[in-house]
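Take the given structure of chain A and dock chain B to it, following the hints.
Just so you know, the protein sequences line up as chains A and B, in that order.
Per my numbering: the first sequence = residues 1 to 345.
Per my numbering: the second sequence = residues 1 to 505.
Simulated from the structure, these hints should not be mistaken for laboratory data.
Backbone N, C-alpha and C define an ideal beta-carbon position, used for all residues, glycine too.
One or more of the hints may lead you astray.
Unchecked claim - Derived coverage of chain A by chain B (criterion: at least 3 residues anywhere in the stretch with Cβ under 8 angstroms from a Cβ of chain B; other residues may be distant): (1) 198–212; (2) 215–223.
As the list claims (entries may be wrong) - Distance windows between CB atoms, simulated: (3) Glu69(B) to Arg225(A): 54 to 60 angstroms; (4) Ala132(B) to Ala323(A): 36 to 42 angstroms; (5) Ala312(B) to Ala49(A): 22 to 28 angstroms; (6) Leu113(B) to Ala326(A): 36 to 42 angstroms; (7) Gly224(A) to Arg13(B): 27 to 33 angstroms.
Claimed, not checked - So, partial list: chain B residues that the calculated Cβ filter (under 8 angstroms) puts toward chain A: (8) Pro97; (9) Asp98; (10) Gly108; (11) Leu118.
Residues per chain, in single letters:
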Amino acid sequence: MTTAVQQPPAPTPAAESRWLVAARSRELGIAALIVLVFLVTTAYNHDFARPHSIQQLLTGASLIALLGVGETMVIVTRNVDLSVGSTLGLSAYVVGDLFKHQHIPVWSGFVIGVLVGLLIGTVNGFVIAVLRVPSLVVTLAMLYVVRGIDSLIVNGQTIDPDAIPNAFTAVGYKDVLGIPWLAVIVALIVAFFGYAMRSFRSNRDLYAIGSNPAAAELAGIPAGRRVFTAFVISGLLSGLAGALFLSLHAQIDNSGGSGYELNVVAAVVVGGVAIFGGSGTVVGAALGAVLLNTIDQALVASRISSFWSEAIAGGLLIAAIAADRALSLRTARSLRRREGAHREL
Amino acid sequence: MGSESGAPLLEVREVTKSFGAVAAVQGVSFELYGGEAHALLGENGAGKSTIVKMLAGVHRPDSGDVVVEGAPQTFAGPADARDAGISIIYQEPSLFPDLSVAENIFVGRLPLLAGRRLDRAGMVRRSTEIFARLGVALDPTRPARGLSVADQQLVEIAKALSLNAKVLVMDEPTAALTNVEVDRLFEVIATLRRGGAAVLFISHRLEEVFASCQRVTIMRDGRLVRTATIDEVTVEDIIRSMVGRDLEQLFPKTETTPREVVLDVQGLSSEGVFVDVDLQVRAGEIVALAGLVGAGRTEVARAVFGIDRRTAGTVRLLGKELPNGRPRKAMAAGMALVPEDRRQQGLVMDMPIDQNVALASLNELSRVGLILRSRETRLATEWARRLQLKFGRMRGPVSTLSGGNQQKVVLGKWLARAPRLLIIDEPTRGIDVGTKAEVHRILDELVAGGMAVLMISSELPEVLGMADRVLVLCEGRVTGDFTRAEADEDSIMRAAAGLSATGAA
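For reference, chain A alone in the conformation it holds in the complex:
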């Protein structure tokens, strides 16, 4: 044996693991799946590839993708927000009602929508982070409470399109360079939070909290404050989604956004956000929303019963979770094997 034995083996992993990361990237996989579904459907029904149809695909996915941003931040911390659908509904109705009876200026419609969401998100965050009640229970309760308040205010009425200013609904139907405004706005928000989740310290903390709560405590991460903020942002974005919902549909009753919470969770999980926290991206969640919506529309275009659409969404959900589990087991095993080799004395 010579002295060269001390030399640790050259770390080949660097290059290899980057390749591994890319191959594992859920975002690429989903994007590929979206393209596949799109192409196959187009082969059956050429109308599917027409600009108007593509615009519909984007618009249809936008609201879920927007809700998915906040939901991702919450789920990454090992929590869940089930109140997003109700929050959207209440926010949309409050804004519509103010347009109808108070004739408020167009811009304030968005501000008020955001404020309604902010309020609900703050209550959620307070009860969960300060009083330490499990988020599943709190936001489930909030789902009903907010929907109840909504019904109380709505009182059987409907806000009709003629009550909403045209300038407000323009956001819902106008486009820029062929891309719907709605999709542009949501894409910008997704891009901003995508960057923030990668590069801001407070947002990286969210991953740490979800990955190992006990260790986060020991590392001195202010877990309560971070989780609180995540719920506030989720509420805020749900409120904004409410205003956008109103501008898209131009009418609202007490059922706006009901059932959305489950669509959002499904999109987020299909988009690669681990349901038990710690990993996943906002961009992945948004792509998940686009994929589910594309499948939905593809089945309509292929004249297949909408029953299949839900069954397929469910199947995808299970496949996504199973794939995650299998992948993480496999990478852990292969990493361990490599280590075993380099630790030989």
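Using the frame of chain A, we list chain B on its own:
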């Protein structure tokens, strides 16, 4: 060489801490001076970890003070302790599997660039520098998921070093490390000391203490026994102070003659975890599985029992081969497993004591599929008497019992099935000294009655005191096989560290 300048860097002053009725630490005081490495010694359960947690800001003392550079501190949380210049390396690595290694090192204080953006490149660069100082080849950009225990520990050490702390507390940092890594760690400790830092070092390996520490503080049952400079004491002094009684008293061991082979394991392997493990346990003997944390001992036990699937090898119980990955078959054949983590794996904490005892015998206790509650209670009462269980109410939750009595409930649960082979993982971890001796007495009686016992233990005195034969694992391989007469602290530690197995049979 430890130039101990006038005022202590850190002072623990008359601290006391109780958890419920258990007084974990009572009136303990000691000082740490800049430039010294100070060993804190004591048996498991002596209160060392509680002291560490008070220094870490996890627990607050009920009374007494933690004083840093003359100023008494009130830590509201770990971040306060860190900001006061105290950095901790915990016994159990606590990493974030989803974050990169570099992020794990800087978590809680990730470095920023202008505009509050993360300085990813800087983080990786500084991580690489620290790893170079430690002489390890770890890729800072890889996720922490899948790191071996030793590598996880190295990341923890890198984390502590990155803080440039005044006081570095190491709670058994070397338990999972190879000798080369341990040597490097000691070089780093020496460098830190020369820079004026104080190191509080907790270890069960006394030779490490003698090699690298200038003073020792010894604790027993939550109290301070003594603080001394290293040249004032011998290994024997330290052990006597730690244990406070003779080993014979702690480990009642009846000489037995082993009989037929009960468990016969040949070539057992699990890819990436352990390779080619052969072991036999005969009726009437205790075989200890020794080794460092992460050597694969628990994994071997789990594979033998069939919880984890093996990738190669055979497991025979009383000559009958057991199918792979079928714990129920193993149970039916007469095997029992008392796991290491009794709160998570051994007990249903909120369930009553009697139901916990009955849990593994429900088939025998039920009639046409219905469980007879009275039979459960009768069975549990019988075992409570035989194991001298101290309990309030048989139908009260098992979480109300002390650790030692909880362990007896787990034991009772399995003994009720009258197994031929008992696998017991860390039988006395976290149990007070008195109950410890009782658990040892129970094991001794079982073996005298003809049971075969496979015992996993990280406590050398327990291994040496109880085992008829000792098998040592290192990084998933059997590196030592000793009879009771051959086994001593030195030979086991050498085998556990992967050095030439001098006394191998």
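Do at least three Cβ atoms from the stretch 198–212 of chain A come closer than 8 angstroms to Cβ atoms of chain B? holds (count 11)
Is the coverage entry for the stretch 215–223 of chain A by chain B consistent with the three-residue Cβ rule at 8 angstroms? holds (count 8)
Kindly confirm whether 22 to 28 angstroms is satisfied by the beta carbon distance between Ala312(B) and Ala49(A). violated, 54 angstroms
Within 36 to 42 angstroms: is that where the Cβ-Cβ distance between Leu113(B) and Ala326(A) falls? holds, 37 angstroms
Can the hint on Asp98(B) be confirmed by a CB-to-CB distance to chain A that is less than 8 angstroms? holds, 4 angstroms
36 to 42 angstroms was suggested as the range; check whether the CB atoms of Ala132(B) and Ala323(A) agree with it. Cβ of Ala132(B) to Cβ of Ala323(A): about 37 angstroms, so the range 36 to 42 angstroms holds.
Assessment of proposed distance window 27 to 33 angstroms (beta carbons of Gly224(A), Arg13(B)): Cβ of Gly224(A) to Cβ of Arg13(B): about 31 angstroms, so the range 27 to 33 angstroms holds.
Do the numbers back the hint for Pro97(B), that is, is its least Cβ distance to chain A under 8 angstroms? holds, 6 angstroms
Is it true that Glu69(B) and Arg225(A) lie within 54 to 60 angstroms of each other by Cβ? At roughly 29 angstroms between Cβ atoms, Arg225(A) and Glu69(B) fall outside 54 to 60 angstroms, so the hint is violated.
Hold the hint about Leu118(B) up to the distance rule: shortest CB distance to chain A must be less than 8 angstroms. The hint holds - Leu118(B) has a Cβ within 8 angstroms of chain A, the shortest such distance being about 5 angstroms.
Against chain A, is Gly108(B) within 8 angstroms by beta-carbon distance? holds, 4 angstroms
Hint compliance for this structure: hints 3, 5 are broken, all remaining hints hold.
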